[in-house]
Amino acid sequence: MEKISKKTLEKIKQNRISLRPKWFFKFKNYIFWSLFVLSILFGGLSVATLIYQYQKADSFSAYYYVHHSFLKAVILSLPYFWLVIILIFIGLAIYDFYLTKKSYRFNAFFMFIASFIISLALGIILFYGGIGKKIDQKLTQDFSFYRQISQQKEKIWNQPDRGLLAGKILEIKDQQIFVLQDLGGVIWEIDYQKVKIFGRAKIEVNEEIKIIGERQSDNTFLALQIRPDINGQGQKMKGKNSLK
Amino acid sequence: MVDRFWLKKTDQELVALSIKNADNYLFLMQRYEKQLLSYIQNIALVTKEDAEDILQESFIKAYRNLNDFDLNLKFSSWLFRIVHNETISHFRRFKNKPQFKTTFKSDELIKLIQDEKDPLKIVIGKNEAEIINQVLDGLKPIYREVLILKYFDDKGYAEISDILQKPQNTIGTLLHRARKIFKDKIIQLKINL
Numbered sequence: 022m023e024k025i026s027k028k029t030l031e032k033i034k035q036n037r038i039s040l041r042p043k044w045f046f047k048f049k050n051y052i053f054w055s056l057f058v059l060s061i062l063f064g065g066l067s068v069a070t071l072i073y074q075y076q077k078a079d080s081f082s083a084y085y086y087v088h089h090s091f092l093k094a095v096i097l098s099l100p101y102f103w104l105v106i107i108l109i110f111i112g113l114a115i116y117d118f119y120l121t122k123k124s125y126r127f128n129a130f131f132m133f134i135a136s137f138i139i140s141l142a143l144g145i146i147l148f149y150g151g152i153g154k155k156i157d158q159k160l161t162q163d164f165s166f167y168r169q170i171s172q173q174k175e176k177i178w179n180q181p182d183r184g185l186l187a188g189k190i191l192e193i194k195d196q197q198i199f200v201l202q203d204l205g206g207v208i209w210e211i212d213y214q215k216v217k218i219f220g221r222a223k224i225e226v227n228e229e230i231k232i233i234g235e236r237q238s239d240n241t242f243l244a245l246q247i248r249p250d251i252n253g254q255g256q257k258m259k260g261k262n263s264l265k
Numbered sequence: 634m635v636d637r638f639w640l641k642k643t644d645q646e647l648v649a650l651s652i653k654n655a656d657n658y659l660f661l662m663q664r665y666e667k668q669l670l671s672y673i674q675n676i677a678l679v680t681k682e683d684a685e686d687i688l689q690e691s692f693i694k695a696y697r698n699l700n701d702f703d704l705n706l707k708f709s710s711w712l713f714r715i716v717h718n719e720t721i722s723h724f725r726r727f728k729n730k731p732q733f734k735t736t737f738k739s740d741e742l743i744k745l746i747q748d749e750k751d752p753l754k755i756v757i758g759k760n761e762a763e764i765i766n767q768v769l770d771g772l773k774p775i776y777r778e779v780l781i782l783k784y785f786d787d788k789g790y791a792e793i794s795d796i797l798q799k800p801q802n803t804i805g806t807l808l809h810r811a812r813k814i815f816k817d818k819i820i821q822l823k824i825n826l
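In order, the protein sequence lines correspond to chains A and B. According to this note's numbering, the first sequence is numbered sequentially starting from 22. According to this note's numbering, the second sequence is numbered sequentially starting from 634.
Calculated from the structure, these hints are not laboratory results. Honestly, I wouldn't trust all of these hints.
[Stated by the list, open to error] In the SDA-like style, the derived pairs of lysine to any residue whose C-alpha atoms are separated by at most 25 Å in a straight line are:
#, chain 1, residue 1, chain 2, residue 2
1, A, K28, B, E690
2, A, K28, B, H717
3, B, K799, A, D182
4, A, K27, B, S671
5, A, K122, B, S794
6, A, K43, B, E646
7, A, K24, B, D683
8, A, K43, B, Q645
9, A, K24, B, R664
10, B, K799, A, F133
11, A, K122, B, T680
12, A, K122, B, R725
13, A, K123, B, S722
14, A, K43, B, G805
15, A, K34, B, S794
16, A, K32, B, L807
17, B, K653, A, L40
18, A, K122, B, A649
19, A, K123, B, L706
Given the structure is predicted, the values throughout are model-derived calculations rather than measurements.
Kindly generate the complete structure, drawing on both the sequences and the hints.
Set out below in structure tokens:
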């Protein structure tokens, strides 16, 4: 009886099996918690960039105007690149969390919702702190792949035949007409008598704007809605090269 | 006299003493050896020698990780968890699926089916233990294990949760399903007899 216990103790002594030190377990747990916090933080940064990019491109308004379908506009305008990145970080956060002690007491669905809410809340705070914009600008500057994704979203606004136009105001002629240079460099005369202005958009020289309306001839366009520029919220362009 | 001294010690006290001196670990192992050996044999069809090997490996693993033992947990739950994981690892090493051959008689499981307020109330008779074991052997491993922990090892929901490392509400759901499947199979078996 109880021979296994005696044999085990003998083996422990013969093989000089020693206890793993306390710091080893503390360090391991600390690493897993750090990875969890980092994953949540990167999730938050991704959310901030997603919000900025979505707002910057404003492709929902364009798709909704073209397709007249809310669902279609949502599906077409969603920033899938950032959604995938966010899901990856949430997945990593959940994985890291399950490597910590007692994490098994929480179910996976609860952890998914909790990680998502924390990342979302953090992302909103970071977005209002201007972090989303900084990340988007840095990625656009350094990675051609990312630049292509961003430009793809902006191109939707360069379709005058479908009632979409974006560019920089060059001159305000009077209370009815201003001159705009579009994303392709074409000069347009914009009739803005019936226009409705959204957000922080302004009709001022050097202002970058997006227009929803109707093409009337080769170089004239009737503006029905004016929205803030593609580089932020109605900012004035500073350099000659800022319109690509 | 010496035995009585060790018997009075709690698991937590014995853990603290084992950390200071390996000899004290013997009393902890002796406290759970019989129970854990039965547990291994009930959750997997292994020879007695294999079960002893698994238990020895588990005891060594537990010893190496004594500093990781959380005093807020029950030591028995922590030890059962290590044994459970070691048994699963044993089958992974040998690339086998665990096979079962239950050999225990659980009065609690017999009560479970006899208390059923159902027109098909079962009176199995003398061979009830044999039928119960046969049904248990046919259950999915996870259902089988929660029934064994609950009705044979007399573990509560919190302890089963700590052993199998699943949330308590998941354990509740698993036990509910396991009981239902168990009863259905018993009824089916009785009809076919």
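We went through each hint and held it up to the structure:
no., hint, in the structure
1, A:K28 / B:E690, "holds (11 Å)"
2, A:K28 / B:H717, "holds (21 Å)"
3, B:K799 / A:D182, "violated (59 Å)"
4, A:K27 / B:S671, "holds (18 Å)"
5, A:K122 / B:S794, "holds (13 Å)"
6, A:K43 / B:E646, "holds (17 Å)"
7, A:K24 / B:D683, "holds (15 Å)"
8, A:K43 / B:Q645, "holds (16 Å)"
9, A:K24 / B:R664, "holds (12 Å)"
10, B:K799 / A:F133, "holds (16 Å)"
11, A:K122 / B:T680, "violated (33 Å)"
12, A:K122 / B:R725, "holds (24 Å)"
13, A:K123 / B:S722, "holds (21 Å)"
14, A:K43 / B:G805, "violated (34 Å)"
15, A:K34 / B:S794, "violated (33 Å)"
16, A:K32 / B:L807, "violated (38 Å)"
17, B:K653 / A:L40, "holds (10 Å)"
18, A:K122 / B:A649, "holds (20 Å)"
19, A:K123 / B:L706, "holds (10 Å)"
Figure legend: structure checked against the earlier numbered hints; hints not met, in rising order: 3, 11, 14, 15, 16.
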